[in-house]
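K.L.:
Just so you know, the sequences run in chain order A and B. Letter 103 of the first sequence, counting from 1, is numbered 102 in numbering that gives the first Met the number 0, and no numbers are missing. Letter 63 of the second sequence, counting from 1, is numbered 62 in numbering that gives the first Met the number 0, and no numbers are missing.
Keep in mind the hints are simulated off the structure, nothing from the lab. Fair warning: there could be bad hints in the mix.
Unchecked claim - Computed from the model, here is a short list of chain A residues facing chain B with C-beta under 8 Å:
no.	residue
1	Asp13
2	Ala16
3	Glu19
4	Pro98
5	Gly101
6	Thr102
7	Tyr107
8	Leu108
9	Arg109
10	Ser180
11	Glu181
Virtual Cβ for every residue (Gly too), placed ideally from N, Cα, C.
2 protein chains.
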Amino acid sequence: MQPSPDARTASVLDPAAVAEMFRREIRAELATLSEPLFLVGVLAADHGPSFTYAEYTRKACEDVGVRFEIRHATRLTAEDAIRAANADPGVHGIMVYYPIFGTEQDAYLRDTVDPSKDIEGLHTFWARCLYGNLRFLDAAKTRKAILPCTPLAVLKLVEAAGFFAGERPLEGRSVCIFNRSEVVGRPLACMMAHDGARVTSFDIDGPLLFAPSASGEMHEVKETTVDRATALREADIVVTGVPSREFPHVRAAEIREGALCINFSTFKNFSDDVLSKAKVFVPRVGPMTVTMAIRNSLRLYKNMHGGGKVEETSAPA
Amino acid sequence: MQPSPDARTASVLDPAAVAEMFRREIRAELATLSEPLFLVGVLAADHGPSFTYAEYTRKACEDVGVRFEIRHATRLTAEDAIRAANADPGVHGIMVYYPIFGTEQDAYLRDTVDPSKDIEGLHTFWARCLYGNLRFLDAAKTRKAILPCTPLAVLKLVEAAGFFAGERPLEGRSVCIFNRSEVVGRPLACMMAHDGARVTSFDIDGPLLFAPSASGEMHEVKETTVDRATALREADIVVTGVPSREFPHVRAAEIREGALCINFSTFKNFSDDVLSKAKVFVPRVGPMTVTMAIRNSLRLYKNMHGGGKVEETSAPA
Numbered sequence: 000m001q002p003s004p005d006a007r008t009a010s011v012l013d014p015a016a017v018a019e020m021f022r023r024e025i026r027a028e029l030a031t032l033s034e035p036l037f038l039v040g041v042l043a044a045d046h047g048p049s050f051t052y053a054e055y056t057r058k059a060c061e062d063v064g065v066r067f068e069i070r071h072a073t074r075l076t077a078e079d080a081i082r083a084a085n086a087d088p089g090v091h092g093i094m095v096y097y098p099i100f101g102t103e104q105d106a107y108l109r110d111t112v113d114p115s116k117d118i119e120g121l122h123t124f125w126a127r128c129l130y131g132n133l134r135f136l137d138a139a140k141t142r143k144a145i146l147p148c149t150p151l152a153v154l155k156l157v158e159a160a161g162f163f164a165g166e167r168p169l170e171g172r173s174v175c176i177f178n179r180s181e182v183v184g185r186p187l188a189c190m191m192a193h194d195g196a197r198v199t200s201f202d203i204d205g206p207l208l209f210a211p212s213a214s215g216e217m218h219e220v221k222e223t224t225v226d227r228a229t230a231l232r233e234a235d236i237v238v239t240g241v242p243s244r245e246f247p248h249v250r251a252a253e254i255r256e257g258a259l260c261i262n263f264s265t266f267k268n269f270s271d272d273v274l275s276k277a278k279v280f281v282p283r284v285g286p287m288t289v290t291m292a293i294r295n296s297l298r299l300y301k302n303m304h305g306g307g308k309v310e311e312t313s314a315p316a
Numbered sequence: 000m001q002p003s004p005d006a007r008t009a010s011v012l013d014p015a016a017v018a019e020m021f022r023r024e025i026r027a028e029l030a031t032l033s034e035p036l037f038l039v040g041v042l043a044a045d046h047g048p049s050f051t052y053a054e055y056t057r058k059a060c061e062d063v064g065v066r067f068e069i070r071h072a073t074r075l076t077a078e079d080a081i082r083a084a085n086a087d088p089g090v091h092g093i094m095v096y097y098p099i100f101g102t103e104q105d106a107y108l109r110d111t112v113d114p115s116k117d118i119e120g121l122h123t124f125w126a127r128c129l130y131g132n133l134r135f136l137d138a139a140k141t142r143k144a145i146l147p148c149t150p151l152a153v154l155k156l157v158e159a160a161g162f163f164a165g166e167r168p169l170e171g172r173s174v175c176i177f178n179r180s181e182v183v184g185r186p187l188a189c190m191m192a193h194d195g196a197r198v199t200s201f202d203i204d205g206p207l208l209f210a211p212s213a214s215g216e217m218h219e220v221k222e223t224t225v226d227r228a229t230a231l232r233e234a235d236i237v238v239t240g241v242p243s244r245e246f247p248h249v250r251a252a253e254i255r256e257g258a259l260c261i262n263f264s265t266f267k268n269f270s271d272d273v274l275s276k277a278k279v280f281v282p283r284v285g286p287m288t289v290t291m292a293i294r295n296s297l298r299l300y301k302n303m304h305g306g307g308k309v310e311e312t313s314a315p316a
């Protein structure tokens, strides 16, 4: 139920508008390259969200002047399609549309993508850079590590919503995240803690606390017994990514006045009434995710151009 | 319900007895080394199956003359415990007792173990060797790849049960496996197909067929619509590893006369009446799994001793 207009306090932040700002930067950067970027999408579905998302990627790429080709596969040929794209020096970046198996075999496929072409930043090589707070691949700090595109998209939306301030931009902020997957929720909690926030991260097994480390740069993870009600009541920022209709929607009564509410699930995780209490509501993240993937492809291209192939060690030194 | 003794056709193969044969070989090999092997177990539980299994490992190691130390951790300190063991040149092998998080984060932890100390063979580095049928790490074929210890244990039990014959020892055999996890079911299906079997692999999403490739050495994976009844009726070998009480037990009426039935789940997956129709029944695999892990530690030690550290590339060439 939509609240009556006079009860609505929240502005709705359209991720497509924020994405457009980044695309302007991307277009300018692309213009400085000596060749056009060529990205490949591996798609094992002929309908549904993956198909729609692949089409969306194609439009976003065309929009900024990046060549994009969808390579159709079955779940059994997806690995070969990834390997072919890995091996092709003409391919600068690879995007894979999950779920493919919908099981832990998808994690195996994610790690099959060459990290130096992994524009989504989903390879565990990049996860280990993130968890180890390794921001550069070389001592000279010329080759920046890639961040996973969805958590990065969320963070840029937090900034666009006006919730960033100062050198450690989330210092003193309390955050509540519903999702602790290896590809979004855990890296996001870690990134926000690096930026100074205290993050209560919920998954089906309960909460964990991600907090800035005392020393400064790193983060710490601690057990916590805080419950949903308390975490939501205290949260300046609430991020949801629960891929289920069964998740009890986050309601206005649960959140803090003036909170930022962001949903990255393809399911609805917030009740409409949060518009009457939140300061900013971001109903979806998708357009920013694609834009961050394209941005990552630029960074990877520069890394390759500058310093050669990324070493595929599984642990940062 | 136990069948009456005269209805029982199956011999029950005790994995501990088979393990003892391998342990004799292991003791003899250990005697040729210039130093005792030292293995570390990372345990984040103080009771339950993981705890019991860790204690069992300690006894098995003592039995063959390998030093074994259990390092207690919490789920949040397990990664540090693994990294410390990775970095310690005095530690020759590492075993981690899962579940630790019980989520996909456990896969992240599995890949945190240095592959050259991963005696369970669970790192995706080893999975990629297996799926690519890369049996050696070097061109001179002096450094053998490690196989994951539970699938290897199952295969050795198939051999001990008398179901191996000829150069491609499972040629012409039909196999049915219930479990397609990344750590047991999928590698097992692949290994059995390499050995010549046609394997119908079931998981919660349905079946896949793993078959020997026409060319010989490799395997192929194909979609199939075969159902449980048909797969079981045709199977010479039935392997179950369903971690659930809900799984409908495999019954005598479903299996082929003279089949080999192996259960590696900690839950009971077969009905007792299979003893009246199977040729050999293997109720558990655990003692062989531990023994294969110790055997892997010997192989890894030799690899390190001969050819230095395993390169941590995530994909075999």
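K.L.:
None of the hints should be skipped; say for each whether it holds.
P.N.:
Tested hints:
Annotation: aspartate 13/A was flagged as interfacial toward chain B, and the flag is violated, the nearest CB pair being 32 Å apart, outside 8 Å. Interface hint at alanine 16/A: violated, since its Cβ lies 33 Å from the closest Cβ of chain B, which is beyond the 8 Å cut-off. Annotation: glutamate 19/A was flagged as interfacial toward chain B, and the flag is violated, the nearest CB pair being 34 Å apart, outside 8 Å. Here the hint on proline 98/A is broken, as its CB sits about 10 Å from the closest CB of chain B, past 8 Å.
Taken as an interface hint, glycine 101/A checks out: its beta carbon lies about 7 Å from the nearest beta carbon of chain B, inside 8 Å. Interface hint status for threonine 102/A: upheld, as the beta-carbon distance to the closest one in chain B is roughly 7 Å, under 8 Å. At its closest, the beta carbon of tyrosine 107/A sits 6 Å from a beta carbon of chain B; the interface hint therefore holds under the 8 Å criterion. A least Cβ separation of about 11 Å between leucine 108/A and chain B goes past the 8 Å threshold, and the interface hint is therefore violated.
Among the interface hints, the one on arginine 109/A is violated; its C-beta lies about 10 Å from the nearest C-beta in chain B, farther than the 8 Å criterion. Look at serine 180/A: its Cβ gets to within about 7 Å of chain B, closer than 8 Å, so that hint holds up. Because the smallest distance between the Cβ of glutamate 181/A and any Cβ of chain B comes to about 5 Å, under 8 Å, the interface hint for this residue holds.
Violated hints for the displayed structure, listed by number in ascending order: 1, 2, 3, 4, 8 and 9.
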